[in-house]
Structures are given as structure tokens and as C-alpha cells.
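Reading the sequence shown from the start, the letters are residues 1 to 729 in the UniProt record's numbering.
It cannot be assumed that every hint is accurate.
With a cut-off of at most 25 Å between alpha-carbon atoms, the simulated DSS-like pairs for lysine-lysine come out as follows [as the list claims (entries may be wrong)]:
id, residue 1, residue 2
1, K229, K268
2, K209, K220
3, K276, K224
4, K233, K302
5, K369, K397
6, K591, K581
7, K224, K197
Keep in mind the hints are simulated off the structure, nothing from the lab.
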Amino acid sequence: MYAECERVEDAYDVFRGMPTRNFVSWNALIDGFVQECGSSEDAETVFDGAVGTRDLVTWNSMLAAYKDEDAFNLFLEMQGFGFEPDSLHFLAEANDAKMSTNPSCPDNRTPYVVRKCVALLQICASSRFKLKQIHAFSIRHGIPVTNLDMGKHLIYTAVSLSVPMNYAHNIFTQIRSPNVFTWNTMIRGYAESENPKPAIELYHHMQLKPDTHTYPFLLKAVSKVVDVKVGEKIHSLVAKNGFESLLFVQNSLLHMYAACGQFESAYKVFELMPEKDIVAWNSVINGFALNGKPNEALTLYKRMGSEGVEPDGFTMVSLLSACAELATLALGRRAHAFMVKVGLNKNLHANNALLDLYAKCGTISEARKIFDEMRIERNVVSWTSLIVGLAVNGFGKEALEHFKDMEREGLVPSEITFVGVLYACSHCGIVNEGFEYFKRMKEQYDIVPRIEHYGCMVDLLGRAGLLKEAYDYIQDMPLQPNAVIWRTLLGACTIHGHLGLGAFARARLLQLEPKDSGDYVLLSNLYASEQRWSDVHEVRRTMLSEGVRKTPGYSLVELGNHVHEFVMGDRTHPQSEVIYKMLVEIAMKLKLAGYVPHTANVLADIEEEEKESALFYHSEKIAIAFMLINTLSGTPIRIIKNLRGLLVKFGMVLSISAIKETDEERVFRAAKSKGGYLRHLPSCNWLYLSTLATLKEFASIKASKEHRFPVPKPVDCNRHCVVISPVQG
């Protein structure tokens, strides 16, 4: 009576005063603690004292009190004592709300033993081992493998636990007439697995009409296999079955099109959505950010704010990725400030994206600060982002030191980590150490080298001038060399003036990517550096005859909240007149200062004055003039380039720094080839500069450094600098 009236303490006092206790008294007290107080600890104390007086009700009462591990252990223990769990008792004690909303909840017609097993699955099954124990329990008690109710719950539990799909598949194939819920569960399981293709095959064999839950799982599988044709067919079926207006189906369609690179279709679905939740905004922003459309991602982010939708951590990761692609540091910093304001600066993924942004924008001091603030939250991605960032910014030795720190902390480097390590070795010119790290990657960490790693090794040899060794290395590679490998060798030949090997590399590139204009330009520059103008003309004629058009170069600069784009000879900008006056002024002052433009690579059949003019109207120089007009002295100028290779003449920008600034800490930072970023000129190793300059120009730059321009101490160039960055690709 006391226990039923929720007066468990009074019930306990009566219990302790009883001269003799039987099954009923023990069970009533245990049940009181479980049902009225929810105290499994007190119930367990009473249960432990009931040794020798436990019956089926006692065991079932305790089973209802436990969850997960304890419940499963008790389930095994009670069977060892010869008792079987009674579902009619403990099933009622399970989470009623959960079971009433779960589509797998059994109805009143479900056989007794199936109800018992379903209850065990809901209370105990939290691992593959426990799932199989309960499965075996059902078989021992006569549940046939063809039983739909038992099978669908086993499959649902297996998929929820991410058990390998062959287990669920074996059960599924034995069920007679699986229902829509079971088909959906199987499609979901495959869609979430590493092999999503069977989800699409299952859908094609589905013998029942799909419901609203079928398509989100199916579209997720299509997103992972990146099959837009199948996705479009499913989209038409979604519309035909009347599910296109459902928000979660629209989000799945949006994600599918974005994952397949169909930006127009994704955006069309997005615009047609009457209600756009945070999932929709994140899907379209992330799709654009990760697929070479960072400008569109930034535009949508701004629109998202204007429509009153609050960004979350996932949004910030996508936004920061777009900022990193465009090197839009100002917007990235505003995003950082917002993260701090709303508490997202504790989000690991957002912090990793922030670290990557600062590294790609060349602000290594800020990247290091983010890294240091993360402390114990740092993971392999965090370490890798910093190591790669240091390497591509020219801090090769620091990158290698951080790699050693990472190993000391017991973290296992990834494939990408070693790309950064080998990259650092390449830019430091330490060939032997590079080969040692490559060996350790294979033998110590069991990482199978990918084409990117072999590319780093070819680059390592090529930068060091070991062109014959680089060629031999390519010939001995276990992987088929791709265009990037041969292009790396061609670039090294251009730097070091090796015509024969350069022409050979170009011939291989012609077989692999005959329409890549950049390769023609590299070969043309190689011939031009050796004054072989007839060969330069022949390369240009070949481009014309083959219909190869040179990719137009452009430069982007961020001013305020806007990004300005310039192309060579651009006169479309509203400030064009002032910009070109500034260019003329700079040219005159450079001549007076003794600067001599490097015109060797410009065609020989035009006058020297025309050569200088052609060089001076490059897009990055127009961008520099624009920023000099619109910013205060000492403001960093960050220029983003879309093309790899020669970006701008070092000597020219150094000279501009000298004539426009009196501050001796004025620093020029230049980008390396495709995929890399920035390094300060002071105290750098000159091997790094050879990425962008021919040896002849390189010599003139070094002479300028030694004789004309004062050189400051090494700095993390975040002020008084011109920054030229390639768009990531």
C-alpha cells in the first residue's frame, strides 16, 4: 500500500520490521523503488539482499530498472539462473513516449515471444554483440527467420548501430513480404554506409509504393555516388508521387544536386522552397563553397543574414571555406568575430576551418593563435592544417618542427599531413630528409603513397635542380604519372633552363591534356628564356591551329565589403582613368629609381617600349594601382590570382614598395604555383623564389635585394605588404 502511494520510505520501514519476508514483500519494495522513485540504486540494494527469494517478477522488475549495459548483463545473468524475461511485465515499463512514436513499436497482435525480443532490443541492444545475443534468443524460442515483425526490428536495430550491412541484408532476404518500413530501413542503411550503391538497386526492386521516408534516404545515396541522371529520375518520381512540397524532401533534393555539382538545379530547388530552414541554407552554401563557387557562397551567406536566418556551426565552416578559397581575409575576420560573439569559437570543425582560412591568407600568426587556443581539442585535421599552412607559406622548418610535436603527442598523421611535410621539404631544399619522410610514411605509418605524394617528390628533386633524377623517379613510379607530375617536371625545366627534358615533358602532357593552355605557356616561356623566338612562334601557332585558348588571367582585391576584379588591360572599372594615371606615375618613378623591367619572355618582334607597356598592364599591377589609390599608406594589399605560374615580377613590386613607402619593413609576399600560398621575402631561402621567377630574373631580384632595398627581419607579413595569392584549385 505505502509503495503504491509513493511513500516508499514508509514502505521500507514496514519491510525492515517484518519478521519474515517472502517473494511478494521483496518484489513490492523493489517495484516501489523502480516505479515510484525511479531509483535503480536503491532497487539494486534490495535486489542484492533478495538472494534465494528471487522469482520471475523480481528479475523482471530489475530488468525494467536498468538500461543498456546493465540491462543486458542482467538479461544474461537471469538466463543463467533459469529465468526468461517476461515482456508483459517490463515492456510496459519501457519509455512509453519513445515506443509510441517509434514506427517499430509492436501492436497487440504481435506474438508473445516477439514482444519479449522487441522489448529487449529497445532496452539492451547497444552493440553488435548484444544484438546477436538477442537474435539468438529469438531463434531459441522458436521465432522463424521469415517472421516480418522480428526481422524488421532486428534490421532497424542493426542499421541504427551501423552494423555491417551484410548482417541486415541476410535477415532482409529471408523475410516474407517485407513492408515499406523494412525497405526504407535497408535503403537508409546502405545510404549511410561506405557502399551506397545497393540502396539505389534496392529501390529499383522495391515491390511497394514508396512513402515520404523513402526518398530522403535514397537521395542521400545518390549524393554519395554522384549520379545526377539517377537523381533527376528520382526527382521526377518525387514530383509524380506528390512529395515535392515536403521540406525534408526538398532539402534532400537540394543536397543531392549540390553534391553532384549541379548548381543551377540546386539553386532552382532552393528558390522554389516556400520555407527555407537552416538545413537548406547550409546545403546550398556548402555546395557552392566546396565546388569552386566561393563567390556564390558568400553572396548567399549575406542574403541569409538579410532574411533573418541565424547561422550555425555548419554554416560558418562553409563560409570560412569560401573565404579561404578567395583569400577574403576581411570577411573571414568578421566571421571569426561573429563566432566568438555567439559561442561558436568552441566548435572544433569551425576552428579548423578558421585555422585553414588564416593559413591560406598568409596570416600565419593568427593561424598559430587559433591553433594554440584549441589546446586539448586539437585533432589530426588541426595539426595538418597548420603544418600545410606553414609549409605553403614558406615556413618549412617550422612545419617540420610541428610535425615532430604532433608525433610526440601520439597523433597518427594522415595522408594529407605527409603532403604538407613533403611540401615543406621541397621548399626548404632538403632532398635527403624528404626521402626519409617518404620512407617513414610507408614503413612506419603504413600509408600507401598516392599520386600527390609522388608529385611532391618530383617537385622536391625539380626545385633542387636534379632534373635527371626527377625524370628517373617518374619512370620508376609504381603509379601511372598524371598531367600534374609531368607539369611539375616541365615547370622545373622552365626554371632551370633544360630545353630537351622540358620538350619531352610537354610531349607527355600533349597526350594527357592536349587542351591545357598553361602547358603551352610554360613551354613558350622556356623557349623565350633561351631566346628561341622561332620556337615561341611555333608554340603560339600550334595553340591557334589546335583551338587552344589561353585562360584569361584575372586578379581580385577586397576593399570594404566588395571584391573587385581586374583583367589585363582592363578599362571597365569606374576608376579606370585614375588607375591608369597611377600606373603611368609608377612607371615613371620606377625608371627614375633605376628599375629595369624583365622583358625577356615577351615576344621579340615588338619594340622594347611595347614590351614594357604589355608587362605593365597585367591584371595584378592594375589591382595594385587601384589599392594604392583607395587605401592608406601601410595598408596590406592582398591580391588573388586565378593562374598558376609567373604572377608578377618580384623586382617591380619591390620597387613599388620602395618608391611608395619609406617604412623599411615594407614586405612583398608572392604566391607559389597552383595550390600554394605566400611567403615573405626577407630571410627566405632563394630556392622558394625560383618557383615564380626564371633564373635570370631570380638573379636580378637577388641583386636588387642586396644592393637597393633594405631587408627587415623575418615577419609574419600581416602589415605593410603586398600579398599575391592564387585562387585555390
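Here's how the hints hold up against the structure:
As the CA atoms of K229 and K268 are separated by approximately 17 Å, the hinted pair is consistent with the 25 Å bound. In summary, the hint linking K209 to K220 is supported, as the alpha carbons are separated by about 19 Å, within the 25 Å threshold. Between the alpha carbons of K276 and K224 the distance comes to roughly 23 Å, so the proposed pair stays at or under 25 Å and holds. About 33 Å separates the Cα atoms of K233 and K302, which puts this hinted pair outside 25 Å; it is violated.
For the suggested pair K369 and K397, the alpha carbons sit about 18 Å apart, so the restraint of at most 25 Å is met. About 16 Å separates the Cα atoms of K591 and K581, which keeps this hinted pair within 25 Å; it holds. Of the supplied pair hints, the one linking K224 and K197 holds, its CA atoms being roughly 8 Å apart against a limit of 25 Å.
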